[in-house]
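Chain order of the listed sequences is A and B.
Heads up, the first sequence is in my numbering, so the first residue is 1 and it goes up one at a time.
Heads up, the second sequence is in my numbering, so the first residue is 1 and it goes up one at a time.
Each hint should be verified, as a subset may be incorrect.
[Said to hold, decoys possible] Here are the simulated DSBU-like pairs of lysine-lysine, each with C-alpha atoms no more than 35 Å apart in a straight line: (1) Lys96/B - Lys189/A; (2) Lys189/A - Lys207/A; (3) Lys171/B - Lys96/B; (4) Lys312/A - Lys96/B; (5) Lys171/B - Lys312/A; (6) Lys11/A - Lys133/A; (7) Lys108/A - Lys133/A; (8) Lys171/B - Lys207/A.
[Stated by the list, open to error] Quick list of the computed label-pair ranges, beta carbon to beta carbon: (9) Glu138/A - Gln120/B: 45 to 55 Å; (10) Gly111/A - Leu133/B: 22 to 32 Å; (11) Ile311/A - Arg93/B: 22 to 32 Å; (12) Val276/B - Trp100/A: 12 to 22 Å; (13) Val284/B - Trp100/A: 52 to 62 Å; (14) Gln120/B - Ile130/A: 55 to 65 Å; (15) Val74/B - Leu80/A: 50 to 60 Å; (16) Ile311/A - Val284/B: 26 to 36 Å; (17) Asn40/B - Ile311/A: 30 to 40 Å; (18) Pro13/A - Val276/B: 43 to 53 Å; (19) Glu268/B - Gly202/A: 25 to 35 Å.
[What the hints assert, rightly or not] Just so you have them, the derived chain A footprint on chain B, three or more residues with Cβ under 8 Å: (20) 85-98; (21) 186-193; (22) 234-248.
If you are wondering where the hints come from, they were derived from the structure by calculation, not from laboratory data.
Glycine is no exception: its CB is placed at the ideal position from the N, C-alpha and C atoms.
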Amino acid sequence: MNAPASFAESKLPLFLGVLFVLGLIAPFAVYPTFLMKILCYGLFACAFNLLLGFAGLLSFGHAAFLGTAGYVCGLMVRDLGVTPEVGILAGTVSAGLLGWLFGWLAIKRTGIYFAMITLALAQMVFFLAIQIKATGGEDGLQGVPRGNLFGVIDLSNNLAMYYLVFAIFCLGFFIIYRTIHSPFGQILKAIRENEPRAISLGYDVAKFKLIAFVISAALAGTAGATKTLVFQLASLSDVHWHASGEVVLMTLLGGLGTILGPLVGAATIVALQTQLADSVGSWVTVIMGTIFVLCVLSFRRGIVGELQALIKRSGVN
Amino acid sequence: MEIFGIPTALLGSQLLVGLINGSFYAILSLGLAIIFGLLNIINFCHGAQYMMGAFVAWIALTRFGISYWVALIVAPLIVGAVGVVIERLMLRRLYKLDHLYGLLLTFGLALIFEGIFRDQFGISGESYEVPELLSGGVNLGFMFLPIYRGWVIVASLTVCFGTWYMIERTKLGAYLRAGTENSQMVQALGINVPLLITFTYGYGVALAAFAGVLAAPIFQVNPLMGSNLIIVVFAVVVIGGMGSIMGSILTGLGLGLIEGLTKVFYPEASSVVVFVIMVIVLLVRPAGLFGKS
Chain A
1 MNAPASFAES KLPLFLGVLF VLGLIAPFAV YPTFLMKILC YGLFACAFNL
51 LLGFAGLLSF GHAAFLGTAG YVCGLMVRDL GVTPEVGILA GTVSAGLLGW
101 LFGWLAIKRT GIYFAMITLA LAQMVFFLAI QIKATGGEDG LQGVPRGNLF
151 GVIDLSNNLA MYYLVFAIFC LGFFIIYRTI HSPFGQILKA IRENEPRAIS
201 LGYDVAKFKL IAFVISAALA GTAGATKTLV FQLASLSDVH WHASGEVVLM
251 TLLGGLGTIL GPLVGAATIV ALQTQLADSV GSWVTVIMGT IFVLCVLSFR
301 RGIVGELQAL IKRSGVN
Chain B
1 MEIFGIPTAL LGSQLLVGLI NGSFYAILSL GLAIIFGLLN IINFCHGAQY
51 MMGAFVAWIA LTRFGISYWV ALIVAPLIVG AVGVVIERLM LRRLYKLDHL
101 YGLLLTFGLA LIFEGIFRDQ FGISGESYEV PELLSGGVNL GFMFLPIYRG
151 WVIVASLTVC FGTWYMIERT KLGAYLRAGT ENSQMVQALG INVPLLITFT
201 YGYGVALAAF AGVLAAPIFQ VNPLMGSNLI IVVFAVVVIG GMGSIMGSIL
251 TGLGLGLIEG LTKVFYPEAS SVVVFVIMVI VLLVRPAGLF GKS
């Protein structure tokens, strides 16, 4: 990265601090459920971006992790009566394990094949979710209680739930931030830019890719498990390939390979869907598809990427 | 008559269903392979274009009274023409970028097509009557064969092997194969490569639409009919590898048959058997059965 671009980098901690404060006061100005939805999808997209934006791996099957973790968390909280934090942890671990399996298979191929393999594996999870009785098939898991955090704090209060989601998002974001800015993250970037060279430098590329995949899958699972608690529902639509496509769109729109892009993209898409759901009905899919096409054709840097380029052009150092 | 405790009529009819699905897999994965060979793009809207082929035939019949036989030619031409426009206006701008952008663009297009058709026609599905000439069936002694189903297999195999012949044995095919190997060199030899690319994409799309017309009388004509199919076809492509035309055809047919057999012996697994085979192939031979590593 050259010098002017580092302006955005150097001011980033300050900017993140402002965002953090905004996040703390936001539920008093905006409907908390809406904010929680943004944070869940934001974490999902950030986790996805770790893989595509920094390791150059396009997974078209991330819905499998979101959905599986949602089912695991929902089942444990509803049927086994565990506390919410245990449920979220269990969801995260199950998604991580699934990610380890998927990653191990998918990294045998690269590029377009990698995308197709992850998509096919996720579709297998979708078919299993339809057939297995435990997931509730078409109806999904309904009536998942939010429960009491650590057995003490009642999460049926929307504000308490919001701060839990916010804390989880911040923790997940911090993990991703640290991963990207660590030597491990640098090696991921090296693999993205020039894989043969990374191999010839002696790095075990397969191992690095797999670790990145597992981290990404686990955090996507955290998002899915949290989402299940927020909406008290785990449904088939979370394992559907549309959800996998949605997270690609959020990341692309917000800015591929930027720190904050996925959150911005997630907020934009969630807001758009909420706005459009009432007014245009089934045209939502068409609009999402159109945004996709426009992003790919002429907006490849995304919102955050364009802003960074703007700052760079205006010559602020 | 029974084989392994399964009545032959049941076995035969499931194998027939398998063979029909297999011929759809074959046509679709063939189209994907041809497009990938020259454009280096995975055409995610292939399933949507298959669906559009079926819908064009259905609209032609119900609104304009255009017969099945005409639709079999016209629908692929119309959908192929839409494909040509897409290639000229959009895909062309992406060739210099990472190949993944082509996948993302066509994914967006698939959403658009699916959304439009869902808005217009709902998701309940429309039925398309079997043309009179092909209705009815024959008793083969061990099973009953509906004539239309036999026709689907014959027609799709003819198109598949015709395509194979065109690519492997004609001059146009030679250009195409040369373009796949080294398009700059072919261009330097005075062949209009951009036109060749447009034609290839249009042809691949037309193949998908042709499969759609064939499928219309068998399955419900439904806006979502393509998206579920295409993911299975992706797995087929991973299993076969996109290096060989004949490989795509054989892999498609073979997997259709295996799927049909699974329906007989262990129905619960039939929706995932292709994916399980994909996993096994990835473990044993990561480049795919016919792929170049």
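Here's how the hints hold up against the structure:
1. Lys96/B - Lys189/A: Roughly 21 Å separates the two Cα atoms, so the pair holds.
2. Lys189/A - Lys207/A: OK: Lys189/A and Lys207/A at ~14 Å, within 35 Å.
3. Lys171/B - Lys96/B: 27 Å, holds
4. Lys312/A - Lys96/B: Satisfied, since the Cα-Cα distance of roughly 25 Å is no more than 35 Å.
5. Lys171/B - Lys312/A: Given that 35 Å is the threshold and the Cα spacing comes to 52 Å, the pair is violated.
6. Lys11/A - Lys133/A: 51 Å, violated
7. Lys108/A - Lys133/A: 33 Å, holds
8. Lys171/B - Lys207/A: Violated, at about 46 Å.
9. Glu138/A - Gln120/B: 45 to 55 Å: Taking Cβ atoms as reference, Glu138/A and Gln120/B lie about 25 Å apart, which means the hint is violated.
10. Gly111/A - Leu133/B: 22 to 32 Å: 46 Å, violated
11. Ile311/A - Arg93/B: 22 to 32 Å: Since Ile311/A and Arg93/B have Cβ atoms about 26 Å apart, the given range 22 to 32 Å holds.
12. Val276/B - Trp100/A: 12 to 22 Å: About 18 Å separates the Cβ atoms of Val276/B and Trp100/A, which means 12 to 22 Å holds.
13. Val284/B - Trp100/A: 52 to 62 Å: 20 Å, violated
14. Gln120/B - Ile130/A: 55 to 65 Å: Violated: the Cβ-Cβ distance is about 27 Å, outside 55 to 65 Å.
15. Val74/B - Leu80/A: 50 to 60 Å: Taking Cβ atoms as reference, Val74/B and Leu80/A lie about 59 Å apart, which means the hint holds.
16. Ile311/A - Val284/B: 26 to 36 Å: 51 Å, violated
17. Asn40/B - Ile311/A: 30 to 40 Å: 34 Å, holds
18. Pro13/A - Val276/B: 43 to 53 Å: Holds, at about 48 Å.
19. Glu268/B - Gly202/A: 25 to 35 Å: With a Cβ separation near 47 Å, Glu268/B and Gly202/A fall outside 25 to 35 Å, so the hint is violated.
20. 85-98: Since 4 is at least three, the answer is holds.
21. 186-193: violated (count 0)
22. 234-248: holds (count 4)
In summary, the structure is inconsistent with hints 5, 6, 8, 9, 10, 13, 14, 16, 19 and 21 from the numbered list given earlier, while agreeing with the others.
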